[in-house]
Structure formats: structure tokens, C-alpha cells
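> Given the coordinates of chain A, assemble chain H onto it according to the supplied hints.
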Amino acid sequence: MAEVEIDVRGQTCPVPLVECRKALKKASPGDLVIVKGTHPASRKEIPMACEAMGFEVLDIEDKEGGKEWEIKIRR
Amino acid sequence: MGDKDPEINRKRSRMGEKTVIILHSGDMDKVYSALIIANGALAMGMEASIYFTFWGLMRLKKGELDKGPLSKMNMLGLGRHMIKQRMDKANVASLERLMNDFKELGGKIIACEMTMEIMGLSKEELRTEWIDEWGAVGSYIQEARDANVTLFI
Numbered sequence: 001m002a003e004v005e006i007d008v009r010g011q012t013c014p015v016p017l018v019e020c021r022k023a024l025k026k027a028s029p030g031d032l033v034i035v036k037g038t039h040p041a042s043r044k045e046i047p048m049a050c051e052a053m054g055f056e057v058l059d060i061e062d063k064e065g066g067k068e069w070e071i072k073i074r075r
Numbered sequence: 001m002g003d004k005d006p007e008i009n010r011k012r013s014r015m016g017e018k019t020v021i022i023l024h025s026g027d028m029d030k031v032y033s034a035l036i037i038a039n040g041a042l043a044m045g046m047e048a049s050i051y052f053t054f055w056g057l058m059r060l061k062k063g064e065l066d067k068g069p070l071s072k073m074n075m076l077g078l079g080r081h082m083i084k085q086r087m088d089k090a091n092v093a094s095l096e097r098l099m100n101d102f103k104e105l106g107g108k109i110i111a112c113e114m115t116m117e118i119m120g121l122s123k124e125e126l127r128t129e130w131i132d133e134w135g136a137v138g139s140y141i142q143e144a145r146d147a148n149v150t151l152f153i
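As they're listed, the protein sequences go chains A and H. Numbered by our numbering, the letters in the first sequence go through residues 1 to 75 in order. Numbered by our numbering, the letters in the second sequence go through residues 1 to 153 in order.
There's no promise every hint is true.
Said to hold, decoys possible - Rough simulated footprint, nothing fancy, chain A against chain H, three-plus residues with beta-carbon under 8 Å:
| id | segment |
| --- | --- |
| 1 | 40-46 |
| 2 | 64-77 |
| 3 | 86-93 |
Stated by the list, open to error - List time: in silico EDC-like cross-link candidates among lysine to aspartate or glutamate, alpha-carbon distance up to 20 Å:
| id | chain 1 | residue 1 | chain 2 | residue 2 |
| --- | --- | --- | --- | --- |
| 4 | A | Lys22 | H | Glu64 |
| 5 | A | Lys22 | H | Glu47 |
| 6 | A | Lys25 | H | Glu133 |
| 7 | H | Lys103 | A | Glu19 |
| 8 | A | Lys22 | H | Glu96 |
| 9 | H | Lys123 | H | Glu64 |
| 10 | H | Lys89 | A | Glu45 |
| 11 | H | Lys18 | A | Asp7 |
| 12 | A | Lys26 | H | Glu104 |
Simulated from the structure, these hints should not be mistaken for laboratory data. Quick reminder that beta carbons are idealized off the backbone N, C-alpha and C, glycines included.
If we strip away everything but chain A, and leave its shape as in the complex, we get (with noise of 0.2 Å):
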């Protein structure tokens, strides 16, 4: 089972969304795909569409003071 991270801080509208997706879509079942980033509306949209295609969010972390948040899915 692999672990992918991605870095997507700093980025905005949909770059957060749209590199969680296809980190998803590389994975294979079982791996574990962690995004880190700072845009605040992408923290509650990334579990959205996670849950939406039917991947496990495992934690939801604030960092930083809560300016960076870190998601771990289970593809």
C-alpha cells in the first residue's frame, strides 16, 4: 500500500480540488492520499467529493493556527 502526498498550499479555485482528484485517480485501492493546503473553501469541499465517489476520509488536521490543513484519504 502506498502513501501520496500532495502539496497544494497556496493554490486557490479549483487547483486544490482538482490535483486531489487525480491523485485519487493514480492511486490504487487501499493507498493512502494525504493533501495539504491552505485554501479555506477547499477543506470542506475536498471531503465533498471524496464522499461523493465513495473514498474514506480518514482525518481532517489544522496546522499552522489553523491557515493550513492537511486531509487524509483512503483511496
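Chain H only, in chain A's frame:
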């Protein structure tokens, strides 16, 4: 029909959803709207197609994707220049990048043949590597008849 587990059925149905956009405008800001929405749809597990027609089709000419004017306050290109600078500052992705992402995620592009005839365009003048289908109104309707979201921009 279908699975006994409602959760699995729901996921299955979501994956089959589709967004179809008609891009009639060639204005830079509206091309952004179309590509951002279409990429968002793909990123959220839907299928997505964009039907390029009239002024929108001009943006498929080689080297013209980001050459459209601003829909309001263009002021002979001055307003457009200012907005471009602000977009760079906000780190907004280029149209070329959005188009490449759209294609990579399986987005479909349909080019309007009647517009080509009216504008005197040949296929050689267009970015054919992006275009999946050449069609008319029937292609749009066929594409949109099972779509959940369809927009005219």
C-alpha cells in the same frame, strides 16, 4: 436491479452524473468560469463536457485560449490587464493549465461545425488535440439529455 446496500447504490449513481456546458462567449472571464466549473465537476466525480460555439469557439484557435477580452470593463484591454495582474497575485491557474487538467481528468470537448462555417475556420486552425467531437445542436442535446447540470455561458 441494484445492490441491497443503499450506500453502494448512492455512490454508483453519483459516479454516473454529468455536467454539460455550452460556452458561447469568448470572453476571458467566462472561459475561466466554464473551465473552473467543468474541472470542479470532474474533480467531484461527475463526467463533464463543454460545447464550444460562436465566440467561445474562437478560443480553440491555436494560441487564442487566453486571448479573449474581459466581459465588462475591458477598457480597450486596460481592465483586462488589471484583472490578469490580480489573478496572478491570487495565484489563479492559467487557462492552458485548466484545459490540460480538464483533458487529463477525462473531460470532453465538442466543437460547433456551423460556427466554423460562419467564421470560415478550418480544423487545422484549431487545437484538434483537445477536441473529441465535431457537431451541431443534436450533439449538444444528445450530450445533455442525461445530464444533471447544464449551463449556457
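> Take the hints in turn and mark each one as holding or not.
Against the structure, the hints:
Requiring three or more residues with a Cβ within less than 8 Å of a Cβ of chain A, the coverage given for the segment 40-46 of chain H holds, as 5 such residues are present. Counting residues of the segment 64-77 of chain H whose beta carbon lies closer than 8 Å to any beta carbon of chain A gives 0, which falls below the threshold of three, so the coverage claim is violated. Judged by the Cβ-Cβ criterion of 8 Å, the segment 86-93 of chain H is covered by chain A as claimed, because 4 of its residues qualify and three suffice. A hinted pair counts as satisfied when its Cα atoms are at most 20 Å apart, and Lys22 of chain A with Glu64 of chain H does not qualify at roughly 26 Å.
This hinted pair checks out: Lys22 of chain A and Glu47 of chain H have alpha carbons roughly 14 Å apart, not beyond 20 Å. A hinted pair counts as satisfied when its Cα atoms are at most 20 Å apart, and Lys25 of chain A with Glu133 of chain H does not qualify at roughly 24 Å. Restraint check: the Cα-Cα separation between Lys103 of chain H and Glu19 of chain A comes to about 13 Å, which is no more than 20 Å; the hinted pair holds. For the proposed pair Lys22 of chain A and Glu96 of chain H, the alpha carbon gap of about 17 Å is at most 20 Å, so the pair holds.
Between the alpha carbons of Lys123 of chain H and Glu64 of chain H the distance comes to roughly 14 Å, so the proposed pair stays at or under 20 Å and holds. Of the pairs offered as hints, the one joining Lys89 of chain H and Glu45 of chain A is violated, with about 23 Å between alpha carbons and a cut-off of 20 Å exceeded. The straight-line distance between the Cα atoms of Lys18 of chain H and Asp7 of chain A is roughly 28 Å, outside the 20 Å bound, and the hint therefore fails. Between Lys26 of chain A and Glu104 of chain H the CA atoms are separated by roughly 11 Å; this keeps the pair inside 20 Å, and the hint holds.
Consistency with the previously given hints fails for numbers 2, 4, 6, 10 and 11, ordered from lowest to highest.
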